[in-house]
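Enquirer: Sequence:
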Amino acid sequence: MTTHIYNAIEIQRPIRQVFDYACTPTHWPDWHPSSLKLYMDHAGIATSGTRFEEDVRAGGRTGHLVWTVIEYLEQYRWTGQATVDNGASLTVSYQFSATPAGTLFERHLHYDLPNTLLNILNFLILRRRIAEESALSLRQLQTVLEAG
1 MTTHIYNAIE
11 IQRPIRQVFD
21 YACTPTHWPD
31 WHPSSLKLYM
41 DHAGIATSGT
51 RFEEDVRAGG
61 RTGHLVWTVI
71 EYLEQYRWTG
81 QATVDNGASL
91 TVSYQFSATP
101 AGTLFERHLH
111 YDLPNTLLNI
121 LNFLILRRRI
131 AEESALSLRQ
141 LQTVLEAG
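Numbering-wise (the working numbering), the sequence shown opens with residue 1 and increments by one.
Hints listed in this document are in silico derivations from the structure and should not be mistaken for laboratory results.
Hints are not guaranteed to be accurate.
[To be verified] Simulated DEER-style distance windows between Cβ atoms:
(1) Ala8 - Glu71: 13 to 23 Å
(2) Met1 - Ala98: 27 to 37 Å
(3) Ile120 - Met40: 28 to 38 Å
(4) Glu146 - Pro29: 10 to 20 Å
(5) Arg16 - Thr62: 14 to 24 Å
(6) Leu118 - Pro14: 37 to 47 Å
(7) Thr62 - Met40: 11 to 21 Å
(8) Ala135 - Leu73: 23 to 33 Å
(9) Ile120 - Pro100: 42 to 52 Å
(10) Met1 - Ala135: 39 to 49 Å
(11) Ala131 - Glu71: 36 to 46 Å
(12) Pro100 - Thr62: 34 to 44 Å
(13) Glu71 - Pro14: 16 to 26 Å
Since we're looking at a predicted model, the values are computed, not measured.
Here a beta-carbon is modelled for each residue, glycine too, at the ideal position from N, C-alpha and C.
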(Lines of atoms letter the chains of each structure in order from A; the text may use other names.)
(Lines give C-alpha, C1' and ligand atoms only; values in the text may rest on other atoms or scores of the structure.)
Protein backbone atom coordinates (compact mmCIF):
# COMPACT_ATOMS: atom_id res chain seq x y z
CA MET A 1 0.00 0.00 0.00
CA THR A 2 1.64 3.23 -1.17
CA THR A 3 1.29 6.42 0.84
CA HIS A 4 1.44 9.72 -1.05
CA ILE A 5 2.06 13.09 0.60
CA TYR A 6 1.94 16.28 -1.47
CA ASN A 7 3.05 19.75 -0.42
CA ALA A 8 3.52 23.00 -2.33
CA ILE A 9 4.74 26.46 -1.44
CA GLU A 10 5.59 29.66 -3.29
CA ILE A 11 9.10 30.91 -2.62
CA GLN A 12 10.02 34.46 -3.56
CA ARG A 13 13.26 33.52 -5.26
CA PRO A 14 14.15 32.60 -8.87
CA ILE A 15 13.81 28.98 -9.98
CA ARG A 16 17.58 28.54 -10.40
CA GLN A 17 18.21 29.49 -6.77
CA VAL A 18 15.41 27.28 -5.39
CA PHE A 19 16.34 24.34 -7.65
CA ASP A 20 20.06 24.49 -6.90
CA TYR A 21 19.50 24.69 -3.14
CA ALA A 22 16.75 22.06 -2.83
CA CYS A 23 18.54 19.58 -5.13
CA THR A 24 21.76 19.72 -3.10
CA PRO A 25 21.21 17.00 -0.47
CA THR A 26 23.89 18.37 1.87
CA HIS A 27 21.52 21.33 2.40
CA TRP A 28 18.61 19.08 3.46
CA PRO A 29 19.44 19.10 7.20
CA ASP A 30 19.23 22.92 7.06
CA TRP A 31 15.55 22.86 6.10
CA HIS A 32 14.06 19.37 6.42
CA PRO A 33 13.38 18.35 10.04
CA SER A 34 13.69 14.62 9.22
CA SER A 35 17.16 14.87 7.66
CA LEU A 36 19.87 14.30 10.24
CA LYS A 37 23.07 13.57 8.30
CA LEU A 38 24.14 13.08 4.68
CA TYR A 39 26.94 10.88 3.34
CA MET A 40 28.06 12.08 -0.11
CA ASP A 41 31.22 12.10 -2.19
CA HIS A 42 30.60 15.75 -3.16
CA ALA A 43 28.56 18.65 -1.83
CA GLY A 44 26.94 19.84 -5.07
CA ILE A 45 23.66 19.25 -6.84
CA ALA A 46 22.73 15.58 -7.10
CA THR A 47 22.23 14.83 -10.80
CA SER A 48 20.90 11.64 -12.46
CA GLY A 49 22.72 8.56 -11.25
CA THR A 50 24.11 10.20 -8.11
CA ARG A 51 24.09 7.86 -5.10
CA PHE A 52 24.27 9.00 -1.49
CA GLU A 53 23.12 7.98 1.99
CA GLU A 54 21.17 9.76 4.70
CA ASP A 55 20.29 9.27 8.35
CA VAL A 56 16.72 10.36 9.12
CA ARG A 57 14.16 10.59 11.88
CA ALA A 58 10.72 10.59 10.28
CA GLY A 59 7.43 10.11 12.05
CA GLY A 60 9.35 9.54 15.28
CA ARG A 61 11.34 6.61 13.83
CA THR A 62 15.01 6.64 12.86
CA GLY A 63 16.43 5.04 9.75
CA HIS A 64 19.23 4.96 7.22
CA LEU A 65 18.40 5.59 3.55
CA VAL A 66 20.37 4.75 0.41
CA TRP A 67 19.41 7.17 -2.36
CA THR A 68 19.74 7.15 -6.15
CA VAL A 69 18.75 10.16 -8.24
CA ILE A 70 16.58 8.82 -11.08
CA GLU A 71 15.48 12.07 -12.71
CA TYR A 72 17.18 15.40 -13.15
CA LEU A 73 15.63 18.00 -15.44
CA GLU A 74 17.46 21.21 -14.64
CA GLN A 75 15.24 23.90 -13.13
CA TYR A 76 12.15 21.74 -13.65
CA ARG A 77 12.11 18.39 -11.82
CA TRP A 78 14.28 16.26 -9.55
CA THR A 79 13.42 12.74 -8.38
CA GLY A 80 15.23 10.43 -6.00
CA GLN A 81 14.46 6.88 -4.89
CA ALA A 82 15.61 5.43 -1.60
CA THR A 83 15.62 2.14 0.22
CA VAL A 84 15.39 2.24 4.00
CA ASP A 85 17.21 -0.10 6.36
CA ASN A 86 13.84 -1.43 7.63
CA GLY A 87 12.84 -2.60 4.13
CA ALA A 88 10.71 0.41 3.22
CA SER A 89 11.14 2.23 -0.08
CA LEU A 90 10.37 5.80 -1.02
CA THR A 91 10.41 8.23 -3.90
CA VAL A 92 10.65 12.01 -3.55
CA SER A 93 9.98 14.33 -6.49
CA TYR A 94 10.49 18.07 -6.56
CA GLN A 95 8.89 20.15 -9.29
CA PHE A 96 9.64 23.82 -9.95
CA SER A 97 7.46 26.36 -11.81
CA ALA A 98 7.92 30.08 -12.35
CA THR A 99 5.37 32.39 -10.73
CA PRO A 100 5.08 36.20 -10.88
CA ALA A 101 6.64 36.36 -7.39
CA GLY A 102 9.28 33.64 -7.78
CA THR A 103 8.97 29.85 -7.75
CA LEU A 104 6.26 27.34 -6.99
CA PHE A 105 8.01 24.40 -5.29
CA GLU A 106 6.02 21.16 -5.25
CA ARG A 107 7.08 18.06 -3.34
CA HIS A 108 5.65 14.57 -3.77
CA LEU A 109 6.59 11.82 -1.33
CA HIS A 110 5.55 8.24 -2.06
CA TYR A 111 6.49 5.45 0.33
CA ASP A 112 5.80 1.75 0.79
CA LEU A 113 6.26 0.00 4.10
CA PRO A 114 7.49 -3.61 4.30
CA ASN A 115 4.93 -5.26 6.59
CA THR A 116 1.42 -5.17 7.99
CA LEU A 117 2.43 -3.88 11.40
CA LEU A 118 4.17 -0.82 9.93
CA ASN A 119 1.22 -0.22 7.59
CA ILE A 120 -1.14 -0.21 10.59
CA LEU A 121 1.22 2.12 12.46
CA ASN A 122 1.35 4.31 9.35
CA PHE A 123 -2.45 4.49 9.22
CA LEU A 124 -2.73 5.32 12.94
CA ILE A 125 0.28 7.61 13.52
CA LEU A 126 3.16 7.77 11.04
CA ARG A 127 1.39 9.25 8.00
CA ARG A 128 0.08 12.20 9.99
CA ARG A 129 3.48 12.88 11.56
CA ILE A 130 5.31 12.56 8.24
CA ALA A 131 2.77 14.88 6.57
CA GLU A 132 3.34 17.48 9.31
CA GLU A 133 7.13 17.17 8.92
CA SER A 134 6.79 17.53 5.14
CA ALA A 135 4.71 20.70 5.46
CA LEU A 136 7.18 22.11 7.99
CA SER A 137 10.09 21.31 5.67
CA LEU A 138 8.63 23.48 2.90
CA ARG A 139 7.98 26.38 5.27
CA GLN A 140 11.57 26.11 6.52
CA LEU A 141 12.91 25.93 2.95
CA GLN A 142 10.97 29.10 2.15
CA THR A 143 12.33 30.83 5.26
CA VAL A 144 15.95 29.85 4.53
CA LEU A 145 15.81 30.93 0.89
CA GLU A 146 13.87 34.15 1.40
CA ALA A 147 16.20 35.18 4.23
CA GLY A 148 19.01 35.17 1.68
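Enquirer: Against the range 14 to 24 Å, how does the distance between the Cβ atoms of Arg16 and Thr62 compare: consistent or not?
Expert: The hint (14 to 24 Å, Cβ to Cβ) is violated, given that Arg16 and Thr62 are roughly 34 Å apart.
Enquirer: Note whether the CB distance of Glu71 and Pro14 lies within 16 to 26 Å or breaks it.
Expert: At roughly 21 Å between Cβ atoms, Pro14 and Glu71 fall inside 16 to 26 Å, so the hint holds.
Enquirer: That 39 to 49 Å hint for Met1 and Ala135 (C-beta), does it hold up?
Expert: Check failed, 22 Å falls outside 39 to 49 Å.
Enquirer: Given the hint of 10 to 20 Å, check if Glu146 and Pro29 actually sit that far apart at their C-beta atoms.
Expert: holds (19 Å)
Enquirer: Quick check on a hinted range of 23 to 33 Å for Ala135 and Leu73, using CB atoms only.
Expert: With a Cβ separation near 25 Å, Ala135 and Leu73 satisfy 23 to 33 Å, so the hint holds.
Enquirer: Is the hinted range of 36 to 46 Å satisfied by the C-beta distance from Ala131 to Glu71?
Expert: violated (23 Å)
Enquirer: For the pair Ile120 and Pro100, does the Cβ-Cβ distance stay inside 42 to 52 Å?
Expert: Taking Cβ atoms as reference, Ile120 and Pro100 lie about 45 Å apart, which means the hint holds.
Enquirer: Note whether the CB distance of Ala8 and Glu71 lies within 13 to 23 Å or breaks it.
Expert: Holds, at about 18 Å.
Enquirer: Is it true that Thr62 and Met40 lie within 11 to 21 Å of each other by Cβ?
Expert: Since Thr62 and Met40 have Cβ atoms about 19 Å apart, the given range 11 to 21 Å holds.
Enquirer: Could you check the hint for me, namely that Ile120 and Met40 are 28 to 38 Å apart, CB to CB?
Expert: holds (34 Å)
Enquirer: Falls inside 34 to 44 Å, the C-beta gap from Pro100 to Thr62?
Expert: holds (41 Å)
Enquirer: If I claimed the Cβ atoms of Met1 and Ala98 lie 27 to 37 Å apart, would that claim hold in this structure?
Expert: Given a distance of about 35 Å, which is inside 27 to 37 Å, the answer is holds.
Of the numbered hints stated above, those contradicted by the structure are hints 5, 10 and 11, listed in ascending order.
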